[in-house]
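**Q** So the protein sequences, as listed, match chains D and C. Note that the numbering used here numbers the first sequence so that position 105 is 105, with each residue one more than the last. Note that the numbering used here numbers the second sequence so that position 440 is 440, with each residue one more than the last.
There's no promise every hint is true.
To be verified - Cut-off 20 angstroms, straight-line C-alpha distance, at most; resulting in silico cross-link-like pairs (EDC-like, lysine to aspartate or glutamate): (1) D:K210 to C:D95; (2) D:K97 to C:D35; (3) C:K19 to C:D95; (4) D:K142 to C:E84.
In short, the hints are calculated from the structure, not lab data.
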Amino acid sequence: MRIAVLTDIHGNREAFSAVLADVAGHGVDRLAMLGDIVGYGGDPEWCCDTAARLVREGALCIRGNHDNAAAGAPEAMSSLARAAIDWTKDRLDAGQKAFLAGLPLSHEEGDVLFVHASANDPGAWSYVTSDTRAAPSFRATKARLILCGHVHVPLLASCDIGGVVRAQAFRTGLAIPLLPSRRWLAVVGSVGQPRDGVAQAAWALVDTVKAEITFRRTPYDTAGAANRIRAAGLPEVLATRLLTGT
Amino acid sequence: MQLRPHTGLQIDGFTLGEKLHTGGFATIWEVTHPDHDLPMVMKVPTILDGYDGPTIVGFEVEQMIMPRLSGPHVPRVLGSGGFEAMPYIVVEKIDGGSFLQVFQKAPLPLSDVIEIAARMVHAVADLHRQHVIHLDLKPENFLQRKTGEMVLVDYGLSRHDLLPDLLAEEFKIPMGTFPYIAPEQYLRCRDDPRSDLFALGAMLYALATGKNPWGTPETLRGVRKRLWRDPVPPRAIRPEIPEWLQEIILRALVVDPMRRYQTAAQMAFDLGHPQQVKLTERAHKLKQDGRLQVFDRWRVMRKIRRFEAPKSMAAQMAMVPVIVAAVDLSPEGERLAEAVRNAVKRMLIIEPEARIACVNVLKTARIGIDQATDDQGNNLHVARLVALKSWAEAIDLPDHRLTCAVLEGPDPGQAIIDYATTNKVDQILMGARGHSTTRRYLGSVSAQVVAEAHCSVTVIRVQ
Chain D
1 MRIAVLTDIH GNREAFSAVL ADVAGHGVDR LAMLGDIVGY GGDPEWCCDT
51 AARLVREGAL CIRGNHDNAA AGAPEAMSSL ARAAIDWTKD RLDAGQKAFL
101 AGLPLSHEEG DVLFVHASAN DPGAWSYVTS DTRAAPSFRA TKARLILCGH
151 VHVPLLASCD IGGVVRAQAF RTGLAIPLLP SRRWLAVVGS VGQPRDGVAQ
201 AAWALVDTVK AEITFRRTPY DTAGAANRIR AAGLPEVLAT RLLTGT
Chain C
1 MQLRPHTGLQ IDGFTLGEKL HTGGFATIWE VTHPDHDLPM VMKVPTILDG
51 YDGPTIVGFE VEQMIMPRLS GPHVPRVLGS GGFEAMPYIV VEKIDGGSFL
101 QVFQKAPLPL SDVIEIAARM VHAVADLHRQ HVIHLDLKPE NFLQRKTGEM
151 VLVDYGLSRH DLLPDLLAEE FKIPMGTFPY IAPEQYLRCR DDPRSDLFAL
201 GAMLYALATG KNPWGTPETL RGVRKRLWRD PVPPRAIRPE IPEWLQEIIL
251 RALVVDPMRR YQTAAQMAFD LGHPQQVKLT ERAHKLKQDG RLQVFDRWRV
301 MRKIRRFEAP KSMAAQMAMV PVIVAAVDLS PEGERLAEAV RNAVKRMLII
351 EPEARIACVN VLKTARIGID QATDDQGNNL HVARLVALKS WAEAIDLPDH
401 RLTCAVLEGP DPGQAIIDYA TTNKVDQILM GARGHSTTRR YLGSVSAQVV
451 AEAHCSVTVI RVQ
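Bound conformation, chain C alone (with noise of 0.2 angstroms):
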């Protein structure tokens, strides 16, 4: 490396302006270019004199990885260096700054922590979608945008499925932010979406609570800790948290990777649907596990050495489908009804573990007031939500695995794509029904959905 970065020099049409930030392993400043006209930055990482090899494969990781990701949850890439003059990644500046400062002020209302926590969740399960393991989540990670999406930054410890992992075989050492790190990446496991999980489960924890789940352990020996010992529940240190919350973060923290949740995608839907979240012991806990059962669970786990890794991301993230089920229940709709549920009893044979959402859209004006109730008094909503529930039972799945949801718009079709962005649902079953003139001219909710949804449609016909 002949350059040295300091506030003026030019590299590749790029002009340094300010130091914005030194950290341990990179400096961070503000660029300039003639060519692109907007708010940038250039980490520039602090390379040791003579051999520094952590610091050199996780900047090499970043620059591979970047590079392949697109969407509003991850930093546009505008240009990187090697180490020829000096090694550099330039971004877009992200204007919300870092979510840090939110942190410290945790713990923070509950209904922040809530939608802190979605809006976290999302940004995974957008990177997880990439093929990409984020491996060191922490709070400095996330940064906001204005509009609201957080972005992840900060690279040199991930994983991409797809690629070679550069990282696996340098350092023999777990690598990660020791407060939010997994037990299987301290076991030095680098293939689980499932440990980014646990790192934002930890800081769902550190938000709701103000305490990290096992302080803030220096040593690795400190770490290793949590592979037997629960943290204290978040209901403990503060009540008001309500129980499905509670189920969430430590469904999150689950030691073993296979009892935690799968997907991100699944985590998000629990925190969007906050009545449907099952219930477990670890809801309603108060206290830490007695000293016996630590015991019988560090017997166990000071002997282990790695836990079952996902045989592929893609494999891991078809686990546990979201599947909506979309359907009429008007009288004219029943057969159709009829022969989508039967589509939904034939997909769970093929997808054992997924979970299923049954829609029904009531169609609102779309200028005026809306009548809530029938002519008789009784509340539209409730009842449409009733005769769906009755016809969802006949699918016969616990309830933690069936949903209802009644959907309101003046526009069925787009109610049922927005249902499924947002909960990011893998696949629509809807009937079609058969042709009419009305529909040639005006066009079918089905048609509708299976144009525009971004997840896959299967539609269903009765002849």
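The shape of chain D in the complex, shown without the other chains (with noise of 0.2 angstroms):
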């Protein structure tokens, strides 16, 4: 089965439109979704409700620490982060909100288990930024692969048998196949806010038969991405970060 992943879309409909179009030439069987739907972005109805489209029509999604309080739910932020949020608020209906507010935390199919932030407690909305802090997730759980965004920025890591985490290096847009003799976990970067210095959107490619993952970087308009957020009268710093991907 040929899954792609999106995460962190952030409420930018120009970068999940671009991907979603992506995908679309991509063959895929399952689309998933894996949390931070809103916030930060200027489009937060569009992509709530074209989220909530896709899932009536099969795609999984998962609740990400940004649909939480955006449905209410107080969560602890940063002042640029609850500023948007605010915002987002007041832009969303009920009906979306709660779309939002009923999404799983976590979800398992197969050996892959899909989640926004770190394995071992999915509410804590822990970051995994390095392989001492992919360590928890392995330790959590026994799926083979587990896909989670929460961090911008990619990574890959694997365990091997003797337990040990390590990261790996990985180039973008090339199937890394993801030996069965180890577990792996992929925080696959953001569609909506990439903040690696690429100013692309981020998603991945699971082949979950050949056994294999492709990190993938769509283009899209940053600059339209960034006058919505002006129009809406949100922080400035939200909007010239999505022109460098920081």
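Fit chain to chain and form the complex, with the hints in mind.
**A** Put into structure tokens, the structure is as follows:
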């Protein structure tokens, strides 16, 4: 089965629609969104409605901390994120909030675990930023492959049969074998607000039959997305960071 | 691991037959499978009780790399299993067997050395083309097919340029086979395809002289010596070795990778064009360097921690491209020939390291006896070569980067394509004449080359 994995869309319609168009050309069987549909970006309603439509069509969607906050739950956040969430809350109607609030915190399918942040305590929203920080996720599940988001920088880590967790260097756009002798964790990177210096939407393509993962980047209209943020009166830094991918 | 391999064991449809070999890290078994009607062998890593890191990771590397390889120079993979039951990998059995026996007969007749060298270098070039550096080339890892192609086996230490390197952080000691390991590999670099060329050089040395260039060191200290000590020149051991072959061997064995052969294709080209190998001091050397010279090198090398590795394998492979300029020397082709030459010169601005091979095809009859001389009794082949060399003179490159060859064959397009394939050419530049009725019906040479050559082809026209 070929699964397209998208995460941290953050209300960026331009990026979300560009990735969906790209995904359509890759012949996938399943779509998985790992949370943070809203927050930061200028189009929370469209992103929320699109995610809801995709879920009706069979896609999987996990709840992220921004979704939780937008639906009304108290979440500790940076002032930037808080400003965007307060604005987002006013834009979403009850139905959209109910959709976000009703999303699961994690989902296991076959030997793949989908979760927004670290798998050991999904609701604690711990960041998986290194191999050391990936270790608790491996300890928490028996899944062969853990797919997560939350951190807007892609990462691939493996856990060998001795239990040693190591980050693995990889290249974008190339299929990386997920060796059956190890367990794997991938932070797929952000669709709507990448922070690794590449101003393109990040997502991943997982092939469970071939046991491969491909980290992909899709170029999108960054200027358009930045303008939507400015038009909404959100902090300028949220607009400019899209242009540099930082 | 729950299962131990034994004759009669069944796993995933494979039935183990006789044990063929017991090595340090693995056992090899004959296997059969109802769905695969070909001779196969199964390699089962010998995992010591407890956590046997090096063997496990080496096996993982093989499982990752081998299924991604194709072509005649690698064994076909038919199945593999993980650590849950019994780790194994099943590949086709290469009927010709290991190359070690041939090696044990060294020194071999020179014609055999040259012919075997070419086949070994071709196999390595093909592996590099597939983004893999072997990093453990030794005689027992070369098998031969009945059809003659060398097959490279044992990828436990290999590096795939585009995939994660599982071995990189795992071990802090250099890995490889001591008599053949390259200096930069000793310094723990795992990113340089030129390390394989060094190992090839060491094996060619052994094939030609019957001795390893640095003996058979058993300690890392013994390996380290090659950073400053030069080997005894092959011609000092066996005087009938031609100078050009010594040049090739010693150039592959240069300590600094930047001054070695840069690609296997470049080395293959030299082996295929012995008369055009540029002879340097290396070719004439009959003694090892003097004490003082070695001492000077020791002072520099004992402090060295690494050599510059290439940015990527693709970048390294593209470094010294071989470009063929196919030219028509007939009077009506004169303007076109000049245009091709200008295109070559422009190409050299973009690819300053390129090697240019100028070729012209002497068309021979499909059936019957060809005239080797013209009506005045002049040798046609020689006359063409003279004309080609004079055309090539204006390209203004030193001899070792410019070769001229007159190809013969009934089908000029095919002759150019065959030459490009054998010599691992990166690009062909050739002219195309205007449109004419004959060509519309008979097809043009350039169209044929464009359609059938494996490399890039640039067609030059004059308007």
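**Q** Please go over all the hints and tell whether each is borne out by the structure.
**A** Cross-check of the supplied hints:
At roughly 30 angstroms between alpha-carbon atoms, K210 of chain D and D95 of chain C are farther apart than 20 angstroms, so this suggested pair is violated. With a C-alpha separation of about 55 angstroms, the suggested pairing of K97 of chain D with D35 of chain C is violated against the 20 angstroms cut-off. Simply put, K19 of chain C and D95 of chain C have alpha-carbon atoms about 16 angstroms apart, close enough for the 20 angstroms limit, and the pair holds. Taken as a hint, the K142 of chain D and E84 of chain C pair is honoured in the structure, with Cα atoms around 14 angstroms apart against an allowance of 20 angstroms.
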